[in-house]
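**Student:** The primary structure of each chain is shown beneath.
Number of protein chains: 2
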Amino acid sequence: MKVSRLGEFGLIDLLNKMIKDAKLNTASSDLILGIGDDTAAWKGRGQVQLATVDTMVQGIHFTLETTTWEELGWKSLAINISDIASMGGIPRYALVALALPYDAETGNITGLYKGMIEIARKYKVAIAGGNISRAPQVSITVTVLGSSPDSKILKRSAAKVGDTVAITGYAGSAAAGMEILEKGLKFHTKTTRHLKNAFLHPVPRVEEGRLLVRHGITTAIDTSDGLLADLRHICEASGVGAKVITDLIPINNMVKTGFKEKALELALGGGEDYELLFTGDARKIAGLKEDIKCPVTVIGDIIKSEPGKIELVDADGKPVKTRRTGWKHF
Amino acid sequence: MKVSRLGEFGLIDLLNKMIKDAKLNTASSDLILGIGDDTAAWKGRGQVQLATVDTMVQGIHFTLETTTWEELGWKSLAINISDIASMGGIPRYALVALALPYDAETGNITGLYKGMIEIARKYKVAIAGGNISRAPQVSITVTVLGSSPDSKILKRSAAKVGDTVAITGYAGSAAAGMEILEKGLKFHTKTTRHLKNAFLHPVPRVEEGRLLVRHGITTAIDTSDGLLADLRHICEASGVGAKVITDLIPINNMVKTGFKEKALELALGGGEDYELLFTGDARKIAGLKEDIKCPVTVIGDIIKSEPGKIELVDADGKPVKTRRTGWKHF
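For the protein sequence lines, the chains are A and B, in the order given.
Sequential numbering from 5 applies to the first sequence in the working numbering.
Sequential numbering from 5 applies to the second sequence in the working numbering.
Derived by calculation from the structure, the hints in this document are not laboratory data.
Where hints are given, some of them may not hold.
Since the list gives no way to pick one copy over another, a pair counts as held whenever it fits inside one copy or between any two copies.
[To be verified] Straight-line distance between alpha carbons at most 27 Å, and here's what the computed DSS-like set of lysine-lysine pairs gives: (1) K21 to K164; (2) K47 to K156; (3) K128 to K47; (4) K27 to K118.
Note that the structure is predicted; figures quoted are calculated from it, not measured.
Turn these sequences into a full structure, and let the hints guide you.
**Tutor:** Shown next, in the form of structure tokens:
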């Protein structure tokens with residue numbers, strides 16, 4: 005059935021019922037008012053509050069030719085939960101502002117919510133409100149509110165000269181997945197599935213962000229724009245430079261095998277991995293590595309330099325050149 | 005200069021500078037991190053937290069033929085501040101998610117921010133974060149976070165049989181302004197300016213919302229969808245009906261004079277007035293009227309009825325029919 009036939013309030017009722025049935029919001033004892041009033045309302049607990057917003061626009065950030073509605077729902081919430089994770093916070097509430105064309109199919113929109121509910125359940129996030137409006141193409145803007153239970157947060161601006169630079173997981177997998185989708189590349193089924201998933205179904209590092217805080221790390225960012233661009237964000241905000249040994253960058257073997265010499269470029273320039281890129285004392289990072297479940301790899305150092313300048317060298321100390329420097333909208 | 009020439013990060017820097025220069029964010033001693041990190045962060049104070057989001061899409065909610073960029077900036081924040089006001093809360097922080105076409109003019113976007121900064125300053129709201137992405141048309145999604153200092157809130161669901169129904173200000177002025185803009189109607193200059201302003205430059209009732217709370221009112225909504233539709237929202241959420249005496253509805257004389265017999269229809273069905281529509285004990289409302297600066301008009305009663313059913317009668321008790329029942333997106 006078309007959304008236009010169901011009507012705005014009919015669609016809202018349907019989506020509210022999905023959220024109610026998923027019992028997402030009753031899981032939060034602090035939530036006072038979820039969907040259905042002018043604002044969401046919850047009991048504050050005197051902790052540091054975090055808020056982030058991100059938009060996905062059809063034709064710019066996704067195409068329905070290669071993404072299912074459920075994947076889209078998952079990702080639209082995942083990229084915001086990742087921002088909370090990169091602050092060392094815990095995601096709590098989400099507001100979903102949906103813009104839909106007049107002829108949108110109701111079944112697609114419930115699919116979108118199915119994906120959102122799946123990740124919301126995994127991370128115990130209440131979908132507490134939102135807004136539906138009309139637009140020529142689908143656009144999903146999600147706001148996620150979170151908090152830091154110990155009031156400690158991971159900032160971009162706390163990197164110091166002498167810090168070690170490290171990253172969770174692998175770099176470039178999502179960019180490889182995007183290439184596979186965009187160019188219709190063929191690899192082994194397992195490789196294709198894994199890399200597509202890295203792009204379509206990112207898993208935010210919430211638990212890992214909390215572990216960083218507990219191990220005394222104070223600087224982090226999530227790799228949404230790409231390793232190089234995001235490290236530059238840290239360096240600019242902290243007034244420092246960095247030296248990265250490209251041979252140390254953790255690249256999944258599937259990406260190395262499938263993309264050969266292009267793999268490093270994907271790892272440096274490709275965004276949307278949603279890993280945590282962070283800096284800190286080498287001993288603290290060593291301690292963290294013993295405690296954390298995912299791979300953590302040291303890739304370089306924070307150095308005194310022109311703020312935001314990144315030196316890329318190989319294992320022998322020779323300069324490495326790269327073309328892609330991260331996602332830009334304009 | 006085109007935004008595409010300035011670049012995404014160039015535009016972000018420019019807008020951040022505007023916000024910094026306006027000293028909006030330094031006015032909030034609770035704000036820990038404004039723009040420039042993965043999330044905004046502020047010190048919670050253990051109060052009830054409020055969050056709302058709303059989107060304005062070019063071609064659906066506004067046309068640049070009749071709206072200036074500054075008006076657009078004002079309104080995009082105003083409609084969200086109004087949601088906080090309708091809960092009896094105080095707006096604190098805003099996140100702005102902007103989607104812009106590739107060929108957007110930088111001067112227009114700074115105009116948009118000028119309007120946002122103007123209203124943010126008036127209501128002491130910090131613009132604490134946001135996101136810029138590309139889209140085929142302009143779309144502005146604003147999230148506003150607020151709090152209730154005494155943890156009391158105005159809900160849609162608290163109306164009781166026997167409550168009196170009242171409204172602040174006038175109904176139908178914004179709809180009249182929209183008609184003037186859309187159809188190019190000509191009235192006296194003063195009338196035209198006033199009604200256009202009601203539509204383009206709404207003034208949220210924040211102080212009035214707080215006064216409602218202080219006078220013991222517990223039910224309110226802001227008239228964004230239209231008096232009739234919004235009263236229906238209250239009645240549905242509260243499981244009650246309402247009887248409205250249409251002759252009591254406060255309609256600005258300019259609307260009465262300019263639109264004659266159509267004036268009532270605009271007042272009942274036209275949205276975007278952003279007045280507070282509320283219910284409560286008649287004596288409490290009488291007490292409020294002595295304390296509040298804006299007009300407050302009693303227009304009817306909450307009655308036992310099919311939930312959401314609104315009876316319209318004239319001063320003689322005769323039924324009144326209406327065609328428009330409020331704004332719908334689909």
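**Student:** Against this structure, judge whether each hint is valid.
**Tutor:** Do the hints match the structure? See the list:
no.: 1; hint: K21 to K164; result: between (49 Å within a copy, 25 Å between copies)
no.: 2; hint: K47 to K156; result: both (20 Å within a copy, 11 Å between copies)
no.: 3; hint: K128 to K47; result: both (16 Å within a copy, 22 Å between copies)
no.: 4; hint: K27 to K118; result: within (13 Å within a copy, 42 Å between copies)
In this structure, every one of the numbered hints holds.
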